[in-house]
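Asks: Chain residues, written in single-letter form:
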Amino acid sequence: MAGHGHHEESFVSKYIFSQDHKMISKQFLVTAIAMGVVAVLLSVLFRIQLGWPSEPNSFVHFFLGDRWAPGGIMSGGAYLALVTIHGTIMVFFVLTGGLSGTFSNLLIPLQIGARDMASGFLNMLSYWFFFVSSVIMLTSLFVETGAASAGWTIYPPLSALPQAIAGSGLGMTLWLVSMVLFVASSLLGGLNYVVTIINLRTKGLTMTRLPLTIWAFLITAVLGVLSFPVLVSAVVLLIMDRSFGTAFYLSDIYIGGEALDVTGGSPILFQHLFWFLGHPEVYIVLLPALGISSQVISTNSRKPIFGYRAMIGSIMAIGFLSFIVWGHHMYVTGMNPFLGAVFVFTTLLIAIPSAVKAFNYITTLWQGNIRMTPAMLFSIGLVSTFVTGGVTGIILADSALDVQVHDTYFVVGHFHIVMGMSAIFGMFAGVYHWFPKMFGRMMNTKMGYAHFWVTMVCGMGVFFPMHFIGLNGSPRRYYAYSEFEYLNATVDLNVLISVFAIIGGIAQIIFLFNFFYSVFRGQKASQNPWQSNTLEWTTPVEHVHGNWPGALPVVHRWPYDYSNPAYEEDFVPQTVPLKPGEEEH
Amino acid sequence: MMKLLIILVVILGIVALAQLAKVYEHTRELRKTREEDISYADNRMNAFLWILWMIVFFGSSLYLMVKYAHTLPESASEHGVALDLLMDVNLWLVTIVFFVVNGLLFWFAAKYYYRKDRRAKFFPHDNRLELIWTIVPSVVLAFIIIYGLKTWNTMTGDASEAAIKVEVTSEQFKWFVRYPGQDNVLGAVNVNMIDPGTQNLLGIITEESIPARIETVDASIAKEKEKIDSAAKLALLPASAVEAIEDKIFRLERLKQRILDIKNYEVKGVSAWSAGADDIIASPAELHLPVGVEVELNFRSKDVIHSAYLPHFRAQMNTVPGVPTRFKMIPTITTAEMREKLDDPDFDYLLLCNKICGVSHYNMKIPVIVETMAEYEAWLATQPTFVASEEPAAEENATEEVATEEVAAENVSAELITNED
Ligand code: HEM
Ligand SMILES: [Cu+2]
Ligand SMILES: [Cu+2]
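For the record, the sequence lines run as chains A and B.
So for the first sequence, our numbering puts the first residue at 1434; every next one is plus one.
So for the second sequence, our numbering puts the first residue at 7; every next one is plus one.
Here chain B stands alone, though its shape is the one from the complex (with noise of 0.2 Å):
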């Protein structure tokens, strides 16, 4: 039905606008006029709606500054803070030469609308008036420039060495985020290592995950030789399919060897396979980050170019696949400040997708909670360590033994890093 009355109305249109035209046609003969001839009332009727249209659009611009330039919350991190004061000074910069160029433009697109008796000024060039145009964007730019290049700057230095560090890692469509455990080191991983098996999501590589693996590599492998011996015994698969799994096994033979590739190495006179073991995988995923402290955000994506996008901290960071990013930044205002200062005890800060990665991208999300130091400790020790296991009910044992363990250590790990260092 819709449908029919769409159709019918774009039909009934363009037959109106071809009697229209031919009634025009017709005037047009009647009155000798040509078409490149613009008559006066046409020419002051434009300029006219130049005028207006000046109107119209500054008011409804202004409308829309007013009314939605500052609809994010005020920035919840130190650089922030500097960042909106950057795009303040330049907002006001740009939308006053938007206002004057514009309204240059439109005044004189108004205002020496043709007329007879007029004639125009030849005015072919004024090297003063060039030279003060180019001069003045000069300046505007170079301040611009310096300002710009100065936050840029402090935003973008290495985190200290007393930073936390955070990993947050991106799949289709979700994310994963990692702490180092007491060494504050993040332990090593591999693409290769990744093992639902064993719920070794992230692929971190320890000296006991590194076995496990092997063994669930192994035994793919095995069976998929007993398919082929079977059905050859029987004779019951084409060639074709007897190739494709061939073809797999080749392959899990290849991977198989590029486990056995993988070389250990030091962070910090620290074994990286050793560094794993006291990792902590958020679970549920969530970004949980103490109040005033600063945090490195490491980045890594498992399959396509993810983003990480903290809209609330001004903060964004690709994520990429065999290239490893990182962001630095101080929270300032905890989840249950903000929660206060907006009036809405549902808020989150989140943390979302923003570089297109497939067909959910739009909702790719994690709430990030900023908290004080004592809550975010006693979360941390809430959450399990990472352990390579196939049996899960083992896995569950591991974990809260670690756990308390963990509880009893927190004290002396802050200790621990700086001695490192």
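Just chain A, with the same shape it has in the complex (with noise of 0.2 Å):
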């Protein structure tokens, strides 16, 4: 909260070491941006690959060079490591700092009425080391011996031994390093948000009061924090193994003609400890969006949210749930099949409260009066993908039928369709929302509707016929489809998909474009552009240090008092005072 009222600020202070929350939100945007271009870009590559396997492209070339794409074609290993730092940036660096970094970082002060996060400085330190971990993230993809190729999960022995894959050498290690700085930014990031949603409400904003946002921010931020560094463990125990002779992971290996001096150690140890945090990572990833999507589709229906304390109730039992139910991405590991059973039944129940969710949302449409802005676009979207990767999920968490798709293309689609097109529908939807609260300047909306649509199409051309090819029986993480005759069934499917991705590729220039160009150009945005109840929309178009140029504003209802019959108005922000004899929800 430094600096209320001092005015000349130097251009380091205001633009590189701000401490700021809307600075800061800015600059994890900007590179969750830069990060997802990468990835994307990473994506239409080896979609190339897959859609024409092993024909020489002039494009793959460009990109690879001769060390990587010989001929034009792109290498095996080449492969792996695209498809490893894919995953990892989307799923960290995009879904994660991205999300939780920009919109935590904007929303939590001005909707609860607070000058500033917790601590600037912890905020600020946040932010420098997300971005030198995702400089490192990106330095790896040009090391001598390739970027790490295990997969985003980094299974051991196959992440640890640099002689099972080149890719496991210096690329591991600077993935690695990345991801102890990467875990780092989200603690401190993490503890400054559950820090200030306790502490710095401001005055008649009680618990029940906060906007569905700050509530799934809050609950992402506690999961964050509980489950990261159980990561680091994991992480530091393959770091041991991998350079300093320990043997926590590995055991009876004999690789490159040499039985190696380990025993004891359990591969299996370290799934257990990478899926405790990579559930819960799953929810840290959608639940930013699902509070994002609760906001604008509340606002844009001008309606109420429906069941707002179930709301509440579900982001809370999904955040529970996600803690034990890791045990699902390993029934066939060789776990006790009892075990399997039970880690069945507590992953099931997790679609309760996310049907319910499912169900708010489309009952909050129904009888609503829809103003089809880009953002609501997004989140309508958002509502539809959760369901359709939803229900594929309950065909995965069934151990036995698990049996038959684990790890095969099924598993692509549907992370896909939760991850990759909900949680980042979410992010656009919040972007296109709170454009006018970072920039002062609309986006375009016409320009919105046609990134809306042809996303839209484009991503599920790419992950719903996924599903087939993986009922077919397509194994992941292959570099090619072509050495098995019974997988020839689904080579159209992936011709398809790939011509999808690359017009989806390119697609996201419209976004890029009107981005930026509606920073610089944009129509200047009025104080609150989409009628909102919420606080954020009573500050100034113009940023000042802590928010509010006078004293703090004053809470007296819920948010969500849209088309409230006792008014006129369709809206009433939260800082108007009941009428007297008015019931408040």
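Rather than coming from a laboratory, the hints here were simulated on the basis of the structure.
Quick reminder that beta carbons are idealized off the backbone N, C-alpha and C, glycines included.
Errors might be hidden in some of the hints.
[To be verified] Each computed SDA-like pair below joins lysine to any residue, with the alpha-carbon atoms no more than 25 Å apart:
| id | chain 1 | residue 1 | chain 2 | residue 2 |
| --- | --- | --- | --- | --- |
| 1 | B | Lys-73 | B | Arg-345 |
| 2 | B | Lys-38 | A | Arg-1874 |
| 3 | B | Lys-38 | A | Gln-1964 |
| 4 | A | Lys-2012 | B | Asp-132 |
| 5 | B | Lys-38 | A | Tyr-1950 |
| 6 | B | Lys-127 | A | Leu-2011 |
| 7 | A | Lys-1459 | A | Val-1655 |
[What the hints assert, rightly or not] So these bits of chain B aren't anywhere near chain A, every CB distance computed over 12 Å:
| id | residue |
| --- | --- |
| 8 | Ala-169 |
| 9 | Ser-277 |
| 10 | Ser-280 |
| 11 | Glu-377 |
Join the two chains, each given in its own frame, into one complex according to the hints.
Replies: Right, dumping it as structure tokens:
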């Protein structure tokens, strides 16, 4: 909160080492967009390989060069490296750092009526750890032996032994270092978010008057703070195994013509530790997106979000359950079948709060008065993909069925529809919706429409057919699907997917253009363009340190009084006192 | 050329977008409209697009479902039939949910688009409704859980004692298949015993293979020592190279110690070290299975995690270094029958790798051949038994001998197994 009131700021303290949450939020967003561009480019490259396996391609050659694509044909090692870094960037850098970093930072102080985060300094550190970690991850693409190639889940022994795959040399070391910094960033951010939400709410803003965005950010931060340290432990033990001769994850290994001097470790231990983070992680990715869509859907339907308390309950239930389901990633590791059964039970329980959320969204639309802003389109799209990806999760949660589809393209289809579409849609929705708050200008609506519809069609065109490739028994992380006869049944789908992926990838230029163009040339924003109830729209368009020029706003009601029959206007900001005799919801 | 073209297209595209945006900006100023005011036409257009999307999306989903949901042939294992049924029931359920819920969503999105003269219904909650959509999913899920776990339990129970044991071992990027021989007991193995020099690729332990292994290790140690000795005489090697050799010797000594530390144990009253002598290692590596008989597949891995995936049998199990795993199943359709059913004389069942394991992960497979008991036994009889030996020539002789013995013993072998139990 330092600095409220002083005006002369140097360029460095304003734009680079800023401690202002609004600036930090923009830094996160721009970094995440840059990382996202890289990750999409990587996916287009390996999709070209999968659609037209081992055909020389000059586009591929242009990016990978002779080393990784001799003769314009991507090498097997390059393929695995690209897939690994693509997944890592998307999950961690775009959807964890990027999504939470941008919107938790922007919205927490603004929506709870605080002048800034509890600690501006830690917040700044959080961004810079994130930045350095991003740079290291990108650098790893350029090392001589190649980037990490063991998949974003980096299961040892593959990730532990450079003898097993070249990417497990320096590339993996950089991956691990980057990830430790990333976790540091995430913890600094997360602790700050939790403390700020608990302590700095303005007068009148009780927990049951919080916007659902804030609830989602809160639970997300708690999940992160509880689960990321476990990832660090897993990573540190892996570093020990790699560099200091321990054998936490290694036992009975014969590789490179030599029996290694390791006994007693277990590769399965790593998987338990990894997925103890890994499953909460998918909700760390998803919950903020759901929070954003709750806000956007309610505002643009001109209706209260349906079942506000049930929504909070669902978020909490999902958050809690997400800690006791990690084993569903390990049904075929040889785990005790009874333990597997327990995980089936807990995993399918999550479907209940998720279903509640989906139905509540739909009911919110029912009899609404829906403004088709780009943010709204993305939010409706999010609900659709959340449902579509959710139902295939029910198949995967069933251990017996997972035996057939585990590690096949069915899984790839499933998680892309929930993460690659739902969560990304939430992020887009957030950008379109809060762009006026971030940059004081509006994004172009028409381009937003084009962006949404092309992305929706291409996204589904890419990820929906993957389920069928998986049902046909196509393993994931395969460099080519040409070595097995039975896979010919789905070659045409692989080509179709690649075509959609290329179009969808190129279409993101519309967004990039719209974004950067509008930052500088967009229409100047008005103070409350969406006629929304929440506190961020009571701040001036021009950013000021401390957010509100005068006293902090005082809250009198919940944030969802849209079309309240007691009022003429179809929205009632949270700062409006209750009328005499009016009952609160 | 292609590069240039791509760059050109991208640049042109951006320039075109910029021009469009400018024109747009001007008209917006002329008309005095604001970005956030969504016009009636835009609202209606998007409402229309939701319906259009629903039709396209549902239509193409249906098309994919009909055309691609069952591209794999019917299951060739007993549990696979149950699994397929479970899969179909679940897919039906979730497909219905998919259509109904998405349908409602798209429909509402389209129907309630913004009009100035309308006002949204203020409807913040309704306990009855919320109770319904908590309870209905719970009931459906209870069914899914119970049905799923029933199938899971039958799939994962222990194999019967009479089951044929087969061991499948993975290594970057190949598979080994080992049969237990007459005693139906797989001989003990140890990673330190793996010795390409004596053809002991799986590290099988027998009374003979241990001394053979020690001999190779001793020979390596001697060779390294000699290097140092000769180097010392001539002062040829730099100190660092000598250190490297000394390090290697140290590691070899440790290896030898680990081999000497291996302890024998008993399986079903048989010494584990004696059980390996009659083991059969399929060559070329193929997984032969008799039809209609339960098999217990035992999995090991030599280097990293792999996964033995048998899509035609709806079977999969990871192979984990240091952690043995297993999977039991009963093949029900012979390869010959399946070839006939599919009208494809070249068809083969496959066992392939389904866990990322290195650059050739995408091409790590062996054929699986399901045949009648008689064919299976005839095939087994042609396979060599394991003998650790330094001279490949002697090995050949030995295997031939054992192989003939085995044919003779074949008839009694079944009895032997049951007697042991
Ligand atoms: C242009 C859009 C995208 C395309 C065409 C695409 C395609 C793919 C493909 C083909 C794979 C490899 C699957 C395999 O062999 O295992 C993959 C992996 C992955 N993708 Fe994407 N993807 C896209 C966007 C995204 C997004 C937005 C996310 C965000 C969550 C994401 C997350 C992942 C993850 C986590 C993996 C797993 C990486 C691994 O196997 O280690 N992808 N993607
Ligand atoms: Cu999970
Ligand atoms: Cu593999």
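Asks: With reference to the structure, classify each hint as holding or not holding.
Replies: Quick rundown of the hints versus the structure:
For the suggested pair B:Lys-73 and B:Arg-345, the alpha carbons sit about 22 Å apart, so the restraint of at most 25 Å is met. Proximity of B:Lys-38 to A:Arg-1874 is assessed by CA-CA distance (about 16 Å); at most 25 Å being required, the pair is judged to hold. Distance restraint check for B:Lys-38 and A:Gln-1964: the Cα-Cα separation of roughly 19 Å lies within the 25 Å cut-off, and the hinted pair is therefore satisfied. Taking the CA atoms of A:Lys-2012 and B:Asp-132, the gap is about 24 Å. The hint holds against a cut of 25 Å.
Annotation: proposed proximity of B:Lys-38 to A:Tyr-1950 holds, straight-line Cα distance about 20 Å (limit 25 Å). Distance hint between B:Lys-127 and A:Leu-2011 is fulfilled; the C-alpha atoms sit about 20 Å from each other, no more than 25 Å. For the given pair, A:Lys-1459 sits about 23 Å from A:Val-1655 by alpha-carbon distance, which is consistent with the 25 Å threshold. Look at B:Ala-169: its CB is around 17 Å from the nearest CB on chain A, clear of 12 Å, so calling it non-interface holds up.
Taking the minimum C-beta to C-beta distance to chain A, about 21 Å, the non-interface status of B:Ser-277 holds against the 12 Å cut. With 12 Å as the threshold on Cβ separation, the claim that B:Ser-280 sits away from chain A holds: the shortest Cβ distance comes to roughly 22 Å. Residue placement check: B:Glu-377 keeps its beta carbon more than 12 Å from all beta carbons of chain A (closest about 20 Å).
In the structure shown, no violation is registered for any of the earlier numbered hints.
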